[in-house]
Amino acid sequence: MVLYRTRFPKTSRVLLLRAFFCRLKISLRSNLVLQPKLKARFLASLSMTIQKQFFQCLWLMIYLSILPLIIHAQANDKTLFQPEKPVASVYGENLLNINKLTAWYQHDGLQETRTDSKPTGFIFPRNTANAIYSSSILYAGNLIDGQTNTLIVNGQYYNSNFVSGIILGTRTGVREKEDASGVRMYRIRRDFATADLRDDAADYYEKPASSVSFGDINSLHEQYKKDWEEWPVQKGAPFYDSDNNGIYSPKFIIDKSGYEVPVLFPDADEPGIASADQVIWFVYNDLKATSYWGSPSVGLEFQTTLWAYNRNGGLDNAIFKKTTIIYKGTATTATDAQLKDMYIAQWSDIDIGRSTDDIAGCDSTLGLGYVYNQTSLDAEYQKFSLSPPAIGCDIVQGPIVEANANDSAIFGMRYRKGYKNISPTSFVYFGSGSGATPPSYGTNGATQWYNTLRGFFRDGPSRIDPVTNKSSVFWASGDPFTGAGWIDGTQSTYNERQILLSCGPFTMAVGDTQEFVSTVIAGIGENRLASVQAMKFYDKQIQFAYNNLFDMPPLPPAPKVSFVELDKGIILEWERDADAVAKTEQSNWQGYVFEGYNVYQLPSRSFPLSAEKRIATFDVKNEVTSIVQETLDETKGRLVEKIVQEGRNSGIVRYLYLTQVDRF
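For the record, in the sequence shown the residue sitting at position 559 is 542 according to my numbering, with numbers rising by one throughout.
Treat the hints loosely; a few may be bogus.
Straight-line distance between alpha carbons at most 20 Å, and here's what the computed PhoX-like set of lysine-lysine pairs gives [as the list claims (entries may be wrong)]:
#1 323 / 160
#2 366 / 101
#3 366 / 83
#4 403 / 323
#5 160 / 218
#6 190 / 83
#7 218 / 208
#8 239 / 208
#9 543 / 566
#10 234 / 208
#11 101 / 190
#12 209 / 234
#13 596 / 625
Hints are computed from structural coordinates only; laboratory data are not their basis.
In this text the structure is predicted, and so the values were computed from the model without any measurement.
I would like the entire structure built from these sequences, with the hints used as guidance.
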């Protein structure tokens, strides 16, 4: 985190000062690159690992003179698994493209999907190859309404019977008209007023950046502004309420450059969630028709919030997908009706470039399901001189259920006592060569989906782990890197894969609300297995950030550094301002406390931080001498415990006299 930097007198060398912090049994990665954001919250590349014998510390860099922050297939044959593709909808599709991912979403709930059957629903990295053909949410449970007990199965599966709009009231069976004013997908971007929107427009209008016109950019800018102004808070869209009055009142001003820009929170109301850089919001419901599996409409409303970050590390490789489910019922729903023993799942047809060379896997300890290449090279990614990536999904927040008084669950981006979130309860996959067949359409498929969402074969029996010879609801849970455990593709053949990560059971009464939040995560390394390791590494960071509600460690107060140039040396000191020293050395964020300073030197201002050389360390005299954290060795494709800093218990010194400044 670049705060201060200066040049040595009479040399081209640059000194850096780092303060570092530690916490018992928990570590954070050190390569934080930050932007000024909402409420001065900072999102970073994070990981957590348990240590038994020593503290683990967060090193935060502090430079010595003020400088601004450095911010800086083939078409797939899916005829076996889907009905005829829908035509492009007049109600809209939209995309998230603020980071390394480009992903399209549909007004009726289809995810990472195009309405025109183009295999471009999800591109990773941006401007390369497609990696997902289609994704969605599927759910199943028992409707207990009066004397009836009916199996309900619904969701999107390559197609959708859901329609845009909210349900008007509880137990009315009345929905908004699909073509009503305001029934659309809303998309906002925090920096839309001042950002260069050329690449954004190129993605949105599907043309080369060189062909993007001023009219394209202006049209996109105006849509962003319109969605910012008309953000549908009254329907449930999330926003930051600066005056806590529950009324959305955005403001715009003219900045010094003459641009009309929105006023951001806390100075005004702002649309969005979790300090995200780009957000999409829309709502749909199930009232139009029976499901593809013969289940009647029950009156469920689905408010969808999609968001992403333009940050380094794991957050730059992920999209968050939150579905708020409200059981409003129909005109004939009884007051005591329930949806009981419900299961909900994130389904995805992941095609990494060429669709016929993929296999699946899961890590039940992370709640992660994923797809990666069986072969070393992929024909589509070879066109870009890239190894095939790995793509996964993680349920970072499952539905809530009652628990012990000391338990807490995330709900509405807050912790709620007395409840817990359901963790993923099964992972299955199917497709050509997988050894499992996807559920069918029609009424027979309802029972098949209910079995599948609980981790079984579609016709009921459990699947046997070929390594342990025991039944398992987490399929292919082995480690691809070491080859240990159940590995897809060893007992079956590689081809195309659909995956389903589920959690349950839970119950909803009429009027109840549940939340389901999943992520799509991408990783790419030096080879196909390194890609899996990168994806898992990012997943840990993402879950840690989510569990902390994106309230990441702020920058510690910077010490006030001065220097005196001598004839043959330089004196640096940062102890004169006692208040500044106290703020730095007494910093404490959730147990992360000050541990010491490092002084580094760079060849010049233009060199990257990787060119630094440490020339001094002053650390607190205590038991902390080595700082260890989990890091990703992308060359070898493995996670390693690495000593990232070492001290000598020298004690804290707040000045440095250098007579030899050229260390390069």
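Right, here's what the structure says about each hint:
1. 323 / 160: Violated - the C-alpha atoms of residue 160 and residue 323 are around 30 Å apart, more than 20 Å.
2. 366 / 101: holds (19 Å)
3. 366 / 83: The given pair, whose Cα atoms are some 18 Å apart, holds under the 20 Å limit.
4. 403 / 323: holds (18 Å)
5. 160 / 218: holds (14 Å)
6. 190 / 83: The given pair, whose Cα atoms are some 18 Å apart, holds under the 20 Å limit.
7. 218 / 208: holds (19 Å)
8. 239 / 208: holds (19 Å)
9. 543 / 566: It holds: about 11 Å lies between the C-alpha atoms, which stays within 20 Å.
10. 234 / 208: Cα-Cα ~11 Å, so holds.
11. 101 / 190: holds (15 Å)
12. 209 / 234: Judged against 20 Å, a Cα distance of about 12 Å means the pair holds.
13. 596 / 625: holds (18 Å)
Consistency note: the structure conflicts with earlier hint 1 alone.
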